[in-house]
Amino acid sequence: MPAPVTGRRARRARRPGAWLGWLFVAPAAVMYAVFVLRPLGLTVQYSFYDWNGIGASTWVGLENYARLFTEPELFATIVHAFELILFFSLIPVLLGLFVAATIRGIAQSRLALVARTVLFLPQVIPLVAAGIMWSWLLSSTGLANQLLSAVGLGGVTRAWLGDFGTALPAVGVIGAWVLVGLCTLLLLAGMSKIDPALYESARLDGAGPVREFFAITLPSLRQEIGVCVTVTVIAALASFDVVYISTQGGPGNSTMVPGLEIFYLAFSEREVGRASALAVVLIVLVLACVLPIQRLTRDGSR
Amino acid sequence: MIVNRREVLTGRILLVLLMAITVVPFLSLFVTALHPAGTYPSGLSWPAHPHWGNFTDAFRAAHMGELLLSSVLIVAGVVPISLLLGTMAGFAFGHLRMPGHRVGFLIFVLGLTLPFEGIITPLYYQIRDLGLLNTRWAIILPLIGLFMPFSVLWMRAHFVTMPDELSEAARIDGAGTWQLFWRVHVPLSRPALSSLAILLFLWTWNQFLLAIVLVDDPAKRTMAGALGAFQGQWGTDIPLLCAGSLLILAPTLAVFLIFQRRFVAALLQGSIKG
Numbered sequence: 008m009p010a011p012v013t014g015r016r017a018r019r020a021r022r023p024g025a026w027l028g029w030l031f032v033a034p035a036a037v038m039y040a041v042f043v044l045r046p047l048g049l050t051v052q053y054s055f056y057d058w059n060g061i062g063a064s065t066w067v068g069l070e071n072y073a074r075l076f077t078e079p080e081l082f083a084t085i086v087h088a089f090e091l092i093l094f095f096s097l098i099p100v101l102l103g104l105f106v107a108a109t110i111r112g113i114a115q116s117r118l119a120l121v122a123r124t125v126l127f128l129p130q131v132i133p134l135v136a137a138g139i140m141w142s143w144l145l146s147s148t149g150l151a152n153q154l155l156s157a158v159g160l161g162g163v164t165r166a167w168l169g170d171f172g173t174a175l176p177a178v179g180v181i182g183a184w185v186l187v188g189l190c191t192l193l194l195l196a197g198m199s200k201i202d203p204a205l206y207e208s209a210r211l212d213g214a215g216p217v218r219e220f221f222a223i224t225l226p227s228l229r230q231e232i233g234v235c236v237t238v239t240v241i242a243a244l245a246s247f248d249v250v251y252i253s254t255q256g257g258p259g260n261s262t263m264v265p266g267l268e269i270f271y272l273a274f275s276e277r278e279v280g281r282a283s284a285l286a287v288v289l290i291v292l293v294l295a296c297v298l299p300i301q302r303l304t305r306d307g308s309r
Numbered sequence: 152m153i154v155n156r157r158e159v160l161t162g163r164i165l166l167v168l169l170m171a172i173t174v175v176p177f178l179s180l181f182v183t184a185l186h187p188a189g190t191y192p193s194g195l196s197w198p199a200h201p202h203w204g205n206f207t208d209a210f211r212a213a214h215m216g217e218l219l220l221s222s223v224l225i226v227a228g229v230v231p232i233s234l235l236l237g238t239m240a241g242f243a244f245g246h247l248r249m250p251g252h253r254v255g256f257l258i259f260v261l262g263l264t265l266p267f268e269g270i271i272t273p274l275y276y277q278i279r280d281l282g283l284l285n286t287r288w289a290i291i292l293p294l295i296g297l298f299m300p301f302s303v304l305w306m307r308a309h310f311v312t313m314p315d316e317l318s319e320a321a322r323i324d325g326a327g328t329w330q331l332f333w334r335v336h337v338p339l340s341r342p343a344l345s346s347l348a349i350l351l352f353l354w355t356w357n358q359f360l361l362a363i364v365l366v367d368d369p370a371k372r373t374m375a376g377a378l379g380a381f382q383g384q385w386g387t388d389i390p391l392l393c394a395g396s397l398l399i400l401a402p403t404l405a406v407f408l409i410f411q412r413r414f415v416a417a418l419l420q421g422s423i424k425g
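Note that the protein sequences, when read in sequence, are chains A and B.
Just so we're aligned, residue 8 is where the first sequence starts under this note's numbering, counting upward by one.
Just so we're aligned, residue 152 is where the second sequence starts under this note's numbering, counting upward by one.
What the hints contain is simulated information worked out from the structure, not anything from laboratory work.
All C-beta atoms, glycine included, are put in the ideal place defined by N, C-alpha and C.
Just so you know, not all the hints are guaranteed correct.
As the list claims (entries may be wrong) - Distance windows between CB atoms, simulated:
id, chain 1, residue 1, chain 2, residue 2, range
1, A, Arg210, B, Leu257, 44 to 52 angstroms
2, B, Pro342, A, Pro258, 29 to 37 angstroms
3, B, Asp367, A, Gln301, 35 to 43 angstroms
For reference, chain A alone in the conformation it holds in the complex (with noise of 0.2 angstroms):
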């Protein structure tokens, strides 16, 4: 969509030279282009055909894109990505509301400032680390099970990432660990730029810290939520590292996630097309999950 051309940028466009920009931009465009966009055409294309990666390769039209609707298998993957937003989203972000709320008073203290530090280590480190730390902390000698028998829970006691039922969520919370540091300080960030007056006055109302919270708080930190929302929706539908290392995708196929899944389709099985066409449902859904969460938390703010 052109924008009607301003006074502004009327007189840059007859400056000489002004074409010169698109000089600077060649080599980062090439490099985007090759790497990125063509890779990206391709997929598309991919899509429509059945090829073993090799061979010749035939059309099929849209049946790829029907198999992953109409194989159990495969649309599994994707229910699987929605299950892990619940872990990799909603419980860092609400987690980090509370935390950063609660611990707002102290911002400045001592404490705070080590937190700072600390709550970072696990964005710091790969995905793969973090998925080997848990693989063993979950795991049937682990810490987690040391703990529950300790408290008298021996009973629930399992290998958590190697259980039907609750493999998912413990590649979940594996997420919500590396995640709800960020989201914590993030919105920490956010609540320092909030006027301190605003609480004051509050408190010289009578308002408790729930009311605060949910008067001042929340309505302010709009575009905040929006950044962690975002941040960790992309990160548990594309979730890759993490579920490769602690489960593979299994045990069956109870933690196999998109990514995973256009990694074994393509490499393994040599099902080119089909992993192609997983691959554009994962971009679409991510395009489709991120697109309305950054209209609904920016517009307000401008």
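Knowing the structure of chain A, use the given hints to seat chain B on it.
Same frame as chain A, now just chain B:
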């Protein structure tokens, strides 16, 4: 600020609890790494005789020296080129604002939410056709492209805030566009550049998917990719695996703790702009 004592106390307790939950997995990894190799230690327990030798064993088993070198080479390829290209494009979109800049920028922004899995399949065939499979270029080149949307967005956000008068003045002094960019604007962008460099370093170092798909030899991968291979090879020997994981974590942790202020700031800003 009016805050009563009980709230301060709850706040402190909650914060300590959250920090404990964050740190405990690291502790568990550490104490387990000290148990005798090949045993199945239970949970969080300090071994009777800590086996510090596990770390040297894991260092040798994981070929840590080679791995470090490989990761450093990959970072050295990705980060400077991404910074340069991203800054040039960001400068054009944010400051030169040539005709059509909005559309151009929009095309870059479109790539921002792209999951890497979405293009990994064609990327594999493309890299194969270029004859780059199993070389570090197979990781370096695609990462530069994949990081470009964020780099451009980041640098554009910086250049938009630079006053036009600065450039006008430089032009009156006879500076060409390249001199304006290189002599005037790049030196003024140092804070934005260093934050971006930190983020790109971290994302490159921790890159896993491209490493396992495009490079078979763990010694030519990133640290994260090598860790995946290490798990495959030593997954049954828990203490050794834990020791190896810690060794592979150590460089990032060290860099993080040294530059923690910049890191935290960069990560917070990074997620807001991303």
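Looking back at the numbered hints, which does the structure fail to meet, lowest number first?
-> As far as the earlier hints go, only 2 is violated by this structure.
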